[in-house]
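J.: So the chains spell out like this:
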Amino acid sequence: MTVVSEDFIVGEVSENPEARAGSSFMRPVEFVSALLMAAVVVLLMAGVISRYVINTPLVWVEEAASICFIWLAMLGSAIALDRNEHLRLTLFLRLLPDRLQGPVEATALAAVAAFLIGMLPIAYEYAYEEWFITSAALHIPNTFRVAGIPVGFTMMLGLLIAHAFRAHSLREILIGTLVVAALTAIFWVLSDQFIAIGNVSLAFFLVLIVAFGLASGVPIAFCFGLGTLCYLAFASYVPAYVMIGRMDEGMSGVILLSVPVFVLLGCLLDTTGMGKTIVDFLASILGHVKAGMSYVLLTSLFIVSGISGSKVSDMATVAPALFPEMKRRGNKPPEMIAQLATGAAMADTVPPSIVLIVLGAVAGISIADLFASGFVVAIVLLLALMALARWRARKESMGGVRRAPLKVVLQLLVIAAPALVLPFIIRGAVSSGVATATEVSTIAVVYALAIGIVLYGGISYRTIYKMLVDTAAMSGAILLILGTALSMAWAITQAGVGQTIADFAANLPGGVFSFIAMSIVIFFVLGCVLEGLPALVLMSPLMFPIAAGFGMHPVHYAMIVVVAMNIGLMAPPIGIGFYLACRIGNVPPDDALRAIWPYIMALVTGLVMIAAFPWISLSVL
Amino acid sequence: AEFRYKFANNFPLGHPMNNRMEEARDRILEETDGRFQLQIFPNNQLGSDTDTLNQVRSGAVEFFTLSGIILSSLVPVASINGMGFAFKDTGQVWSAMDGELGAYVRDKIKASRLHVMDKIFNNGFRQITTSTGPIEGPESLRSLKIRVPVSPLWTSMFQALGCAPASINWNEVYTALQSGIVDAQENPLSTVDVGKLFEVQKYCSLTNHMWDGFWMLANQRSWERLPDDIKEIVSRNIEQSTLEQREDIDRLNETLRASLEEHGLEFNEPDPAPIREQLRQANFYSEWRNNYGEEAWSLLEKVTGPLA
Ligand code: NA
Ligand code: NA
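Sequence order for the protein chains is A and B.
Those letters in the first sequence? Residues 1 to 621, by our numbering.
Those letters in the second sequence? Residues 1 to 308, by our numbering.
None of these hints come from the bench; they were simulated from the model.
Where a beta carbon is used, it is the ideal one built from N, C-alpha and C, also for glycine.
A hint or two may mislead.
[Claimed, not checked] Derived, one-sided and incomplete: chain A residues facing chain B with beta-carbon distance under 10 Å: (1) Ala46; (2) Asp248; (3) Pro351; (4) Asp369; (5) Glu439; (6) Leu486.
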């Protein structure tokens, strides 16, 4: 069937013009990462088999997988840094005159180096302190797990310095270092003043440093990290040490384990040609329809969201499987990212949804009701996105495309059938209680590997190895963003600004109307900067009683805030979901920046309808 | 305020612990003339239990309430209050935890550079809910797929009972019970209520298999930084709130049974004696006597009578 080229490069369809080939001295690190990635798959599979097949769950599996995972994340981050795959905006950088670009980029590098230097001692201290904590299942000191963090930071610092001297002149490096050193000195001197002005300095550091970092081309993960580190170090009495713990938690959550495995699945589908057979078949049905492939993408997100509870995992399931072939077929990457990101925001309320489960517990609402309502709300948003995609495709020329004859469709169906059953296997395994949403990713990988070898012409070991390394690098880039974003969320939460915001919203003139409008704004902004869950956990206990006071149904209000938060999460230039979509879809954020706004507006339109007509949310209760 | 201290916990607002601690916060603020202000962060807002334990050790948060069973990752003996089928009723619990056993555990906590308040908060006895059938005795536990928090005491106890304990992240428990990845879980009634688990479970067996309580931990340096008069005011008011919270929980558990029954959960009260016998035969108690050491174990048995 499909011929697989030996030299296939997973990143070949990458639109990232900045990506570099990996340095040769990173080979051992790449090898270890590949092993860790393989270990995660094997461990999760062992978990499924032990529980479902032989009914003796291995309690230590999850912990062992999570140890591999944090190491994978940190080593993957280092590999990503080596290959320049950490996402950053270069839009503003390119607006600068040529002679300024070098020094500004060198300054950005120096800022990242300063962050790493600041984190190193506390990361080592953290690893030391964890020696006193015994892990719950394996009964080993937790240091074995968290040592990955200082090791990863050390590697990143080394790589950064090496890169700086390769890419920049001594003069530029000197300028960059001086600028960063001077800023650090100024902050340090003004420290008492910063502490005195309290939460104003929170805004100063988290808004200004993150914004300046973004504009000067600091990768997004380090922007969040730098802002938080500066705030904690110069404007609070809180030990910056706390950041390591938050990063640890943000990067090693069990639910995130499915992300690298789904990315790996996508690589497998693409390499074996299974992804192509799927897209070929779908195109034969929908290719002659305007925006046909957009419908496929959006509907896929809706369907896979019924499997996992997490948005990142949804994107990781769909994009690596469909994107490479869609790109080859000439679909526009920025448009695809826009649909991927907003589609994931749309599908988040499709049950099961971790966001809704947490919200149910935090705000005391029936989770079954939230699930029922979330399904309807997602359909409304799906229709809004589809309508926009159709409208944007109105000028698509369909002249050369004719509807494929039934015979061709059937032929393609036969070829694609073994690949097409994959979603049903995944779905079936989860709903029949065989595997959790996390574990099911490995069932899919094992299936794809087996079918790929038997039916689709096999895969060489070299290709598998390369996939494992590439997956590690991509996961590292994704997880580092999640880790630093969670430490930023901590800084905002501990400042106790939630009550101030809630009081403000409750006392606006204009009653329930302005309260809803303000809620949308608040959750949009918090979704942007706090990622999903921290925003909900922080604000829901404060906002739901106010909503109830206005006579709103809690499920209706829940839908409004969840959707607003998800839209914020995908809104550039801050929303981290947007960057995760770019990383997973392999498209530079600069390109996708403009394409996403119409889709965000479509979601906003859907949201306004959901807010204005409570019966949409409440019809199925 | 001169001292603005953060208090983190994993209960939602409206839970007795947060209600009573809000009262304590107000009393302390008044008695110290505004010098000491406690900021409450409910719902694990600042992080999971394991990470918040880290934060209270480093001083990133000043106060934190943590289940003794989870605290055992740092202080192994702290899980002893959760010993399976040890306490007959809360009366026994308080004579142990307010008596010598509690003092012993607190000494060990203090030895790991954490300050701990004298009185332990009540989280009540833990019960088992299932979707398959009520727990009537040791037979109904055999091969039961039950989700338990990952901690040595839990896993070893449910393994000794012949269950198939599985570790599932709390956020995935609702879905896992719904799809049948596991058939059962165990928690205090208030958690069953907060997590809406009655929507995906049919039976609730009042096994009272473990008693769980929350120690009020404080960062040692932050605590010692406080002047003596403030220390006294803070300790006294937190203790008062703890004692009130204990009674709240006992009352809450009575009303919760009725409201969970209304939501469709079927309750039963199995006889603990045969289950305890099963644990004894599986050498569960003798194993844990070795883990905790003779001294701690004898302090426990002083109250509960011989277990092993
Ligand atoms: Na979902
Ligand atoms: Na989802």
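J.: Give a verdict on every hint.
T.: Now for the hints, and whether the structure bears them out:
With a cut of 10 Å, the hint placing Ala46 (chain A) at the interface with chain B is violated, because the nearest CB-to-CB distance is about 13 Å. The restraint placing Asp248 (chain A) at the interface with chain B holds, with a minimum CB-CB distance near 7 Å, inside the 10 Å limit. Using the Cβ-Cβ criterion of 10 Å, the hint placing Pro351 (chain A) at the interface with chain B is satisfied: the shortest such distance is roughly 8 Å. Interface restraint check for Asp369 (chain A): the shortest CB-CB distance to chain B comes to about 9 Å, inside 10 Å, so the restraint holds.
Proximity of Glu439 (chain A) to chain B holds as hinted, the smallest CB-CB distance being about 9 Å (cut-off 10 Å). Because the closest C-beta pair between Leu486 (chain A) and chain B is about 9 Å apart, less than 10 Å, the hint holds.
Of the numbered hints stated above, the single one contradicted by the structure is hint 1.
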